[in-house]
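Trainee: Residue-level listing of the chains:
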Amino acid sequence: MGAYDQLRRKLEARFGRAGVIGDPVGRMLYEYDGGVDRATPDLVVFPQTREDVIAAVKLAHQAGAPLIPRGAGTGLSGGAVAREGGVILSLNRMRRIVEVDVENLRARVEPGVVNLEFSDQIAPTGFYFVPDPSSQKACTIGGNVAENSGGPHTLAYGVTVNHVTGLEIVLADGAVARLGGKTAECQGYDLVGPLVGSEGTLAIVTEITVKLTRRPEAARTLLAIYDAAEQAAATVSAITAEGIVPAALEMFDGFSLRAVEAYIHAGYPLDSAAVLLIEVEGLEEEVEEQAAAIEQVCARAGARETRRARDEAERAKLWLGRKHAFGAMGRLSSNFYVMDGVIPRTKIGAVLAGIERISAASGLRIGNIFHAGDGNLHPLVFFDQRVPGQFEAARAASEDIIRLCVEMGGSITGEHGVGMEKDGLMPLIFSEADLDFMRAVKQVFNPEGKLNPGKLLPTYRSCRETALAAAPAGAAARL
Amino acid sequence: MTQDAIAAGVEALLGKGGVGEGAGAACRALPADAEQTAALVAWARAARLPLAVGHGATIALAMGSERTLSGAVRLDLARLARVRFYEPQDLTIGLEAGLTAGAIAAELARAQQCLPLDVAGGDAARLGAILAAHRSGPLRHYYGTVRDFTIGIEFVTAAGKLTHGGGRVVKNVAGYDLMRLMIGAQGTLGVITAANFKVFPRPAETETWGWGLAGWEQAEALRGALLRHPGRPLALELCGPPLRAYLRFGGGAGARARWRRELAALSRHAGSEAEAVADEGAFWREYGAAASGAQRWRLVAPAGRGVAALRALEGFAAAQGRALRWRGRLGLGVFELELAPELEGRPALDWREAARRVHPEARLMRDDEPIETVLDGSGADLALMRKLRAAVGA
Numbered sequence: 001m002g003a004y005d006q007l008r009r010k011l012e013a014r015f016g017r018a019g020v021i022g023d024p025v026g027r028m029l030y031e032y033d034g035g036v037d038r039a040t041p042d043l044v045v046f047p048q049t050r051e052d053v054i055a056a057v058k059l060a061h062q063a064g065a066p067l068i069p070r071g072a073g074t075g076l077s078g079g080a081v082a083r084e085g086g087v088i089l090s091l092n093r094m095r096r097i098v099e100v101d102v103e104n105l106r107a108r109v110e111p112g113v114v115n116l117e118f119s120d121q122i123a124p125t126g127f128y129f130v131p132d133p134s135s136q137k138a139c140t141i142g143g144n145v146a147e148n149s150g151g152p153h154t155l156a157y158g159v160t161v162n163h164v165t166g167l168e169i170v171l172a173d174g175a176v177a178r179l180g181g182k183t184a185e186c187q188g189y190d191l192v193g194p195l196v197g198s199e200g201t202l203a204i205v206t207e208i209t210v211k212l213t214r215r216p217e218a219a220r221t222l223l224a225i226y227d228a229a230e231q232a233a234a235t236v237s238a239i240t241a242e243g244i245v246p247a248a249l250e251m252f253d254g255f256s257l258r259a260v261e262a263y264i265h266a267g268y269p270l271d272s273a274a275v276l277l278i279e280v281e282g283l284e285e286e287v288e289e290q291a292a293a294i295e296q297v298c299a300r301a302g303a304r305e306t307r308r309a310r311d312e313a314e315r316a317k318l319w320l321g322r323k324h325a326f327g328a329m330g331r332l333s334s335n336f337y338v339m340d341g342v343i344p345r346t347k348i349g350a351v352l353a354g355i356e357r358i359s360a361a362s363g364l365r366i367g368n369i370f371h372a373g374d375g376n377l378h379p380l381v382f383f384d385q386r387v388p389g390q391f392e393a394a395r396a397a398s399e400d401i402i403r404l405c406v407e408m409g410g411s412i413t414g415e416h417g418v419g420m421e422k423d424g425l426m427p428l429i430f431s432e433a434d435l436d437f438m439r440a441v442k443q444v445f446n447p448e449g450k451l452n453p454g455k456l457l458p459t460y461r462s463c464r465e466t467a468l469a470a471a472p473a474g475a476a477a478r479l
Numbered sequence: 001m002t003q004d005a006i007a008a009g010v011e012a013l014l015g016k017g018g019v020g021e022g023a024g025a026a027c028r029a030l031p032a033d034a035e036q037t038a039a040l041v042a043w044a045r046a047a048r049l050p051l052a053v054g055h056g057a058t059i060a061l062a063m064g065s066e067r068t069l070s071g072a073v074r075l076d077l078a079r080l081a082r083v084r085f086y087e088p089q090d091l092t093i094g095l096e097a098g099l100t101a102g103a104i105a106a107e108l109a110r111a112q113q114c115l116p117l118d119v120a121g122g123d124a125a126r127l128g129a130i131l132a133a134h135r136s137g138p139l140r141h142y143y144g145t146v147r148d149f150t151i152g153i154e155f156v157t158a159a160g161k162l163t164h165g166g167g168r169v170v171k172n173v174a175g176y177d178l179m180r181l182m183i184g185a186q187g188t189l190g191v192i193t194a195a196n197f198k199v200f201p202r203p204a205e206t207e208t209w210g211w212g213l214a215g216w217e218q219a220e221a222l223r224g225a226l227l228r229h230p231g232r233p234l235a236l237e238l239c240g241p242p243l244r245a246y247l248r249f250g251g252g253a254g255a256r257a258r259w260r261r262e263l264a265a266l267s268r269h270a271g272s273e274a275e276a277v278a279d280e281g282a283f284w285r286e287y288g289a290a291a292s293g294a295q296r297w298r299l300v301a302p303a304g305r306g307v308a309a310l311r312a313l314e315g316f317a318a319a320q321g322r323a324l325r326w327r328g329r330l331g332l333g334v335f336e337l338e339l340a341p342e343l344e345g346r347p348a349l350d351w352r353e354a355a356r357r358v359h360p361e362a363r364l365m366r367d368d369e370p371i372e373t374v375l376d377g378s379g380a381d382l383a384l385m386r387k388l389r390a391a392v393g394a
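Line by line, the protein sequences are chains A and B. Quick note on numbering: the first sequence equals residues 1 to 479 in the numbering used here. Quick note on numbering: the second sequence equals residues 1 to 394 in the numbering used here.
So that you can see chain A by itself, here it is in the shape it has in the complex (with noise of 0.2 Å):
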């Protein structure tokens, strides 16, 4: 009998034959996330509680199991993929919003709680949850934690770990800590930052307390034309140098804004060769005040036209286009690889060039939907997974993309996190200094990196390798 054998018995025994997943084709369904990295777990288990967490970690911890944590598998960087085999921890079951407590202005919730259900069941409240990754109909909270996720609104409100105050946390050899809670700060060391996007590589997390944010009054949206991308580029700096700090501010290149348009009508100029997505919160006064003027920037910065949404319908249209636009881009290939990488904002349209030559040299389409406010790419990269060696050329051609981003002063990610499919970059942000104190933090949590191995934090294999690959402008995207 195998060791995953009789882990699944024990696992069974606790969890119940529904509570388990141990056949090859249920196993299936479980090896992969929204990315493209693949690898099949041994063994899938749904906890619904912390004592079913606690439970779970022992038997896996006994077994000597990989353990990976799970929300909804809408990440893009293979971060909830059994990397090494072992134990999916499928944390979707506990989806409980424990206490909404709006006079200390937080809330308590289990990790599998909806991003989006969670701020709708909230709304009568008047306050919501900011972090809105376009995922948000589907992707956990818990997820939201791990991969620190962050979305088109986080420009003005910053990203989850922003928005999160303490988490009940489960380690490596199932106890239990509490780090942080409802003040505004706790005592000792800050450990909920570095929690925080750590990818399930430190602790399994039970419980987040999260911060409430008052839903503005009003807000107005734009929607900026142009017939050059670099003076729809050039306008996303000029907009901050006025002084304004938009909620969001989008940006769609020609191609793409044509097949969103084709699938969403959300009433993109089809013959336009870039659009800004631009919003603004606040009070009713500010909002008109901060409209006008950015309405003045874009006319400055050589914008055709300049159209604002004139109601709530319009509005969530204009939106529909951002949300579904990775689903639209799906009509047009049957794969693409969404990348993430961050730039600084003034380097939109060298960084854009930049990928048009990627695209020729590779003879691959690139699409390009960002958030634009604040530098952060997803170029989409097209291929056809049938045709051999494509898949490779993708790939070749997005870690080019990361690298332009890196001689830039950038990052190699700005929301989707390292995952599985970026530990091998990581040298080129980070020297091995860097790496040796983020190991030693790992240590701490997560001794014998059994939880989630093979994320994160590159091998020392891989770095040595993407070190000697590295440009040598690579060093100069440090302090």
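Be aware that one or more of the hints could be misleading.
[As the list claims (entries may be wrong)] List time: in silico DMTMM-like cross-link candidates among lysine to aspartate or glutamate, alpha-carbon distance up to 20 Å:
| # | chain 1 | residue 1 | chain 2 | residue 2 |
| --- | --- | --- | --- | --- |
| 1 | A | Lys58 | A | Glu84 |
| 2 | A | Lys211 | A | Glu99 |
| 3 | A | Lys58 | A | Asp42 |
| 4 | B | Lys161 | B | Glu35 |
| 5 | B | Lys387 | A | Glu448 |
| 6 | A | Lys10 | A | Asp52 |
| 7 | A | Lys323 | A | Glu312 |
| 8 | B | Lys161 | A | Glu432 |
| 9 | A | Lys58 | A | Asp5 |
| 10 | A | Lys10 | A | Asp23 |
| 11 | B | Lys198 | A | Glu242 |
| 12 | A | Lys211 | B | Asp148 |
| 13 | A | Lys58 | A | Glu448 |
| 14 | A | Lys58 | A | Glu207 |
| 15 | B | Lys387 | A | Asp436 |
| 16 | B | Lys387 | B | Glu372 |
| 17 | A | Lys137 | A | Asp120 |
| 18 | A | Lys211 | A | Glu117 |
| 19 | B | Lys161 | A | Asp436 |
| 20 | A | Lys317 | A | Glu305 |
| 21 | B | Lys387 | A | Asp173 |
| 22 | A | Lys211 | B | Glu361 |
| 23 | A | Lys211 | A | Glu103 |
| 24 | A | Lys442 | A | Glu84 |
What the hints contain is simulated information worked out from the structure, not anything from laboratory work.
With the hints as your guide, set chain B onto chain A.
Mentor: Leaving out everything else, chain B in the frame of chain A:
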């Protein structure tokens, strides 16, 4: 090693300008840059010399503790005072730890931008100290703390290795968030030598209005009204005695006119008429000034329990014959307290307990309390912190 030998060793590493009087320590080391800082830390470790990290006048911090100051090398980062980069259109800046809040504000003012470093100590406060102690001021209400707008950090580990976290861009999730970990660690996990920040456009115009409050009920009512208000003020402060609240808001003419219209309704909650603060700049500069000779504490409570905790502490202080002053973030439950004469022993324990009785998460911390004292407590979280300190700290 003799005091002279230590000074000679430091001079050999840092040059003549790199060594000074120790002020209680064997000598003061003034490295010129991060590399020299790393070399000094490595040398001190090899020579088994204790190292005390100071950031200038405002806050003295020790790697180890103040008890080890005698015979130690006092590391002073005053010469690490360069702006590494400043990209106004990217809203990013890279700053060395020895820069003062005043120098940083002057640099950013060139492009009408700001970093909300309005801590007690004002313009003289050094960046390294603000980061090491996780200091914040009234503008925290709107902008958050340095933990929210630090995008990259450089530090020297206890082993003398120059190490980085984060980067130079405003959005970045690569690797563990070492910024948040190092900020507030009081130098016990490493010496911060530089940090990168996202900066903010300076509000075109701001206004400050104040209320005299008849009692704690009015403070609570005002907090509740602003909690549900759709606007986001820059600051909302409660101070006393006498009990007063201040609201600061900014924006264009229309936005500020709206806030002024709202003042009448807010005044009903406050129980008094709002009064405009005439010279805002001078008011906020003086607001942070601390009383001399008082014992300084920080109260951190869930936002909705801050007033109740303050009220309980005022009662406790009065019963103990102590004078208590407070000022802090009414909307966030974070307050700075000054107590005179100071409390020690059993009454000091009861004082902490008075806050905790209001809410189990309400905490009173002495301002000069070394982090070791906190880590000595019980709890799985503190056990993890101790392990972390042992793994990477001094």
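Trainee: Hint by hint, note whether the structure agrees.
Mentor: Hints and how they fare:
1. A/Lys58 with A/Glu84: Satisfied, since the Cα-Cα distance of roughly 19 Å is no more than 20 Å.
2. A/Lys211 with A/Glu99: This hinted pair holds, its Cα atoms lying about 12 Å apart.
3. A/Lys58 with A/Asp42: The given pair, whose Cα atoms are some 17 Å apart, holds under the 20 Å limit.
4. B/Lys161 with B/Glu35: Distance ~9 Å between B/Lys161 and B/Glu35 Cα, so the pair holds.
5. B/Lys387 with A/Glu448: Given pair B/Lys387, A/Glu448 holds - Cα atoms ~15 Å apart, limit 20 Å.
6. A/Lys10 with A/Asp52: holds, 13 Å
7. A/Lys323 with A/Glu312: holds, 16 Å
8. B/Lys161 with A/Glu432: holds, 10 Å
9. A/Lys58 with A/Asp5: Holds: A/Lys58 and A/Asp5 sit about 16 Å apart, inside 20 Å.
10. A/Lys10 with A/Asp23: Holds, at about 15 Å.
11. B/Lys198 with A/Glu242: holds, 16 Å
12. A/Lys211 with B/Asp148: holds, 14 Å
13. A/Lys58 with A/Glu448: Status holds; Cα separation ~13 Å.
14. A/Lys58 with A/Glu207: The given pair, whose Cα atoms are some 18 Å apart, holds under the 20 Å limit.
15. B/Lys387 with A/Asp436: holds, 16 Å
16. B/Lys387 with B/Glu372: With a Cα-Cα distance of about 12 Å, the restraint between B/Lys387 and B/Glu372 holds, given a limit of 20 Å.
17. A/Lys137 with A/Asp120: holds, 10 Å
18. A/Lys211 with A/Glu117: holds, 16 Å
19. B/Lys161 with A/Asp436: Holds, at about 10 Å.
20. A/Lys317 with A/Glu305: holds, 18 Å
21. B/Lys387 with A/Asp173: holds, 15 Å
22. A/Lys211 with B/Glu361: Given pair A/Lys211, B/Glu361 holds - Cα atoms ~16 Å apart, limit 20 Å.
23. A/Lys211 with A/Glu103: holds, 11 Å
24. A/Lys442 with A/Glu84: holds, 18 Å
When held up to the earlier numbered hints, the structure conflicts with none and fits them all.
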